[in-house]
Amino acid sequence: MTERVNSAWSPSSREAERAIARKRISRKQGLIAIVSSVFVIGTLIAIVVSSPGWEVVKKTFFDIDYGREVLPTVIAGLWINLQLTFIGGACIGVIALGLALMRTTKSPALTPFRFLATAYVDIFRGAPLILIILLVGFGVPALRLTGISSNVIFLGTVAVVLTYSAYVAEVIRSGILSIHPSQRAAARSLGLTSGQTMRYVVLPQAIRRVVPPLLNDFVSLLKDTGLVSILGVTDAVRAAQINSSRTFNYTPYVVAAILFLFITIPMTRYTDRAIRQRTNAQNSEGAI
Amino acid sequence: MANVLELIDIRKSFGDELVLNQLSLSVPEHTATVLIGASGSGKSTLLRCINLLESIDDGQIFLDGDEISDPLINVDAVRRKLGMVFQSFNLFPHKTVLENITLAPIKVQGKKKEEAIESAQKLLKRFDLADKADQYPDRLSGGQQQRVAIIRSLACNPRLLLLDEITSALDPVLVNEVLSIVRDLKSDGMTMVLATHEMGFATQVADEVCFLESGNILERGSAQEVLHSPKNPKTQEFLKRVHEAGRL
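Protein sequence lines correspond, in order, to chains W and A. Under our numbering, residues 1 to 288 are what the first sequence spells out, in order. Under our numbering, residues 1 to 248 are what the second sequence spells out, in order.
Certain hints may be false.
Unchecked claim - Far from chain W by the CB rule (all over 12 Å, computed), these chain A residues:
no. : residue
1   : Leu18
2   : Asn51
3   : Asp76
4   : Glu99
5   : Lys122
6   : Asp128
7   : Thr203
8   : Gly221
9   : Asn232
Claimed, not checked - Listed next, the in silico BS3-like pairs over lysine-lysine satisfying Cα-Cα at most 27 Å (straight line):
no. : chain 1 : residue 1 : chain 2 : residue 2
10  : A       : Lys107    : A       : Lys125
11  : A       : Lys125    : A       : Lys111
12  : A       : Lys112    : A       : Lys81
13  : A       : Lys107    : A       : Lys95
14  : A       : Lys112    : A       : Lys122
15  : W       : Lys106    : A       : Lys107
16  : A       : Lys125    : W       : Lys106
17  : W       : Lys106    : A       : Lys122
18  : A       : Lys112    : A       : Lys95
If you're looking for bench data, these hints aren't it; they were derived computationally from the structure. Don't be surprised by glycine CBs; every beta carbon is placed ideally from N, CA and C.
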C-alpha cells in the first residue's frame with residue numbers, strides 16, 4: 001500500500017533548485033542528441049547523393065511516377081501474402097501446439113508419436129524454407145495424386161506451414177518446459193489428471209510466456225510468404241518482379257519493400273512492447 | 001479410533017542417498033501428527049510419498065485401510081482424498097484466488113460451477129479473505145497466499161491434510177495468521193500430518209510429535225514428552241540448536 005501524496009505539499013527551495021538543474025541537464029542532452037543525429041544522418045545522405053551513380057540509381061530504383069503506376073498490382077500481390085500469413089498462421093498454431101504436446105508427453109501409448117514429432121521438428125527446422133517450397137511445389141504435383149490440388153498458392157502455403165509449425169512447436173515446447181515443476185505438483189496433488197494439469201495449469205502459463213517470441217515468428221512468417229513467389233504465385237514480390245522485368249526499372253521492388261515495412265514495423269514495435277511488459281511482470285514477480 | 005493413515009517400513013532413496021529408512025507411522029482420525037527434524041531428515045520426502053508425488057522403494061502405505069502403495073492404484077483417486085500445502089504456496093499465478101480454489105472442485109469432483117463458487121466464498125469469508133476473491137495471487141502477501149493455498153486444498157474436503165513447512169517461506173509477522181487457520185482446522189477435527197520448525201505451534205496442535213533423523217523416527221510421543229523432556233540424545237541436541245536459534 002502506498003501512502004496518498006499529501007496535497008498540501010509544496011517543494012522546498014532545495015528541491016526547486018534541483019528541478020532547475022535537472023531541466024538544464026535534460027535540455028543540454030536533447031541538444032546533443034539533435035546535433036549528433038543531424039550530423040550522422042546528413043553525412044549518410046551526402047555520401048549516397050554525391051556518389052557517381054546516384055542519378056542512375058534514382059531513376060531505376062526511386063522513380064516516383066512509375067512506382068505510383070505499379071502500386072495497385074503490388075498491393076494486390078501483398079493481399080495474397082497477407083491471406084497466406086493469416087490462413088497459414090492459424091494452421092501453424094494448431095499443428096505446432098499438437099507437436100509441442102506430443103514432444104512433452106510421457107504417456108507410453110503416445111511413444112511412437114513422440115518419436116515422429118521429434119523427427120518432424122528436426123527435419124523441418126533444419127532444412128531451408130526455400131528448399132521445402134521447391135520440393136513441395138514441384139514434387140507433390142509430380143506424384144499426380146487425385147484429390148490433391150496442384151494450385152501453387154495452396155502448395156506454397158503447405159510448404160510454409162510445414163516449416164513454421166516446426167519452429168513454433170519448439171517455441172511452445174520451451175514455454176511448457178519453463179513452467180516450474182512445483183506448479184505441476186500442486187495441480188496433481190489436487191487430484192487433477194496429467195491431461196487436466198496440462199490443459200488448465202501448465203499450458204495457459206506457457207503460452208502467455210511465449211507470446212513475444214511467437215509474435216516475432218509471425219512477423220518472419222509474413223516476410224517469408226514472399227518466398228512462394230518462386231512457384232509462380234503472384235504475390236507482392238512476384239508482382240514487382242513482373243513489372244520490373246518488363247521495364248528494367250527496379251522501383252517496383254522498392255515499392256514492395258516499403259509495403260512490407262508498413263506492416264512489419266508496427267508489428268515489431270508491438271512485439272517489443274509485449275516483451276517489455278512481460279519482462280516488467282517478471283520483475284515484479286521477482287520482487288515479491 | 002480407526003487409523004486414517006498407516007505407514008509400514010517405508011524405504012525411499014534418491015540414487016545412493018537413503019532418505020527414508022524402515023519408517024513406520026500411524027495417524028488416527030482427528031489427530032495431528034507433527035514431524036520435526038533438521039533439513040534433509042526426510043520430512044518433505046515422507047509427505048510427498050504419502051501423496052504419491054514420489055514412489056517408495058519398499059514398504060506399504062494404507063489410506064483408510066486401502067493400500068495406496070499398490071502400483072495398480074488410481075493415483076488421481078487417491079490424491080482426491082488428500083490435501084497438500086507446500087512451503088512455496090504454489091498457487092496458479094494465471095488464475096484468480098477464486099479460480100484457484102474452484103478449479104479442483106469443478107474439474108475433479110465435477111461440482112457445478114455456482115456450487116463450487118458458493119462454497120469457496122464461504123471458506124474465504126471464514127478465513128477473512130472474502131475481499132481477495134477476484135485478485136491474482138501476486139497481489140497478495142505471502143501469508144494471504146498461503147492461506148489461499150490451504151483453502152484451495154480444503155475445498156476438496158480432504159480426508160487427510162499434509163502440510164509441508166507451510167510457514168518457512170513467510171515473514172515472521174505473517175506466520176501467525178497462517179498457523180491460526182491450522183489451529184482452527186485442528187479444533188474442527190481435521191486429520192493432519194505436518195512438517196514444521198515452529199516448536200511452539202507444534203506444542204499447541206500436536207497429538208503426536210515425531211523426531212526424524214536420517215530417514216527414521218528416532219523419538220515419538222506427546223509434544224510434552226518429545227519437545228520438553230526428550231530422551232534421545234540426538235533429539236536433545238536438535239532441540240538445543242532450535243532453542244539457541246530462538247525458535248522454541
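Each hint tested on the structure:
1. At roughly 23 Å from the closest C-beta of chain W, the C-beta of leucine 18 of chain A stays outside 12 Å, upholding its exclusion from the interface.
2. At the 12 Å boundary, the C-beta of asparagine 51 of chain A falls inside the reach of chain W, the nearest C-beta of that chain being 5 Å off.
3. The claim that aspartate 76 of chain A is not at the interface with chain W is violated, since a C-beta of that chain comes within 12 Å of its own (minimum 5 Å).
4. For glutamate 99 of chain A, the non-interface assignment is contradicted: its Cβ lies about 9 Å from the closest Cβ of chain W, within the 12 Å cut-off.
5. Consistency note on lysine 122 of chain A: stated as away from chain W, and its beta-carbon is indeed over 12 Å from all of that chain's, at 19 Å minimum.
6. At roughly 17 Å, the least C-beta separation between aspartate 128 of chain A and chain W is larger than 12 Å, which holds for a residue marked as non-interface.
7. Every Cβ of chain W is farther than 12 Å from the Cβ of threonine 203 of chain A; the closest lies at roughly 28 Å, confirming the non-interface assignment.
8. No beta-carbon of chain W is positioned within 12 Å of the beta-carbon of glycine 221 of chain A; the least distance is around 29 Å.
9. Separation of asparagine 232 of chain A from chain W is adequate, the least Cβ-Cβ distance of about 32 Å exceeding the 12 Å criterion.
10. Between lysine 107 of chain A and lysine 125 of chain A the CA atoms are separated by roughly 23 Å; this keeps the pair inside 27 Å, and the hint holds.
11. Straight-line distance between C-alpha atoms of lysine 125 of chain A and lysine 111 of chain A comes to about 20 Å, which keeps the hinted pair within the 27 Å bound.
12. For the suggested pair lysine 112 of chain A and lysine 81 of chain A, the alpha carbons sit about 19 Å apart, so the restraint of at most 27 Å is met.
13. Taken as a hint, the lysine 107 of chain A and lysine 95 of chain A pair is honoured in the structure, with Cα atoms around 14 Å apart against an allowance of 27 Å.
14. Pair hint lysine 112 of chain A plus lysine 122 of chain A holds up; C-alpha atoms about 16 Å apart against a cutoff of 27 Å.
15. This hinted pair checks out: lysine 106 of chain W and lysine 107 of chain A have alpha carbons roughly 22 Å apart, not beyond 27 Å.
16. Distance restraint check for lysine 125 of chain A and lysine 106 of chain W: the Cα-Cα separation of roughly 40 Å exceeds the 27 Å cut-off, and the hinted pair is therefore not satisfied.
17. Annotation: proposed proximity of lysine 106 of chain W to lysine 122 of chain A is violated, straight-line Cα distance about 38 Å (limit 27 Å).
18. Of the supplied pair hints, the one linking lysine 112 of chain A and lysine 95 of chain A holds, its CA atoms being roughly 18 Å apart against a limit of 27 Å.
Of the numbered hints stated above, those contradicted by the structure are hints 2, 3, 4, 16, 17, listed in ascending order.
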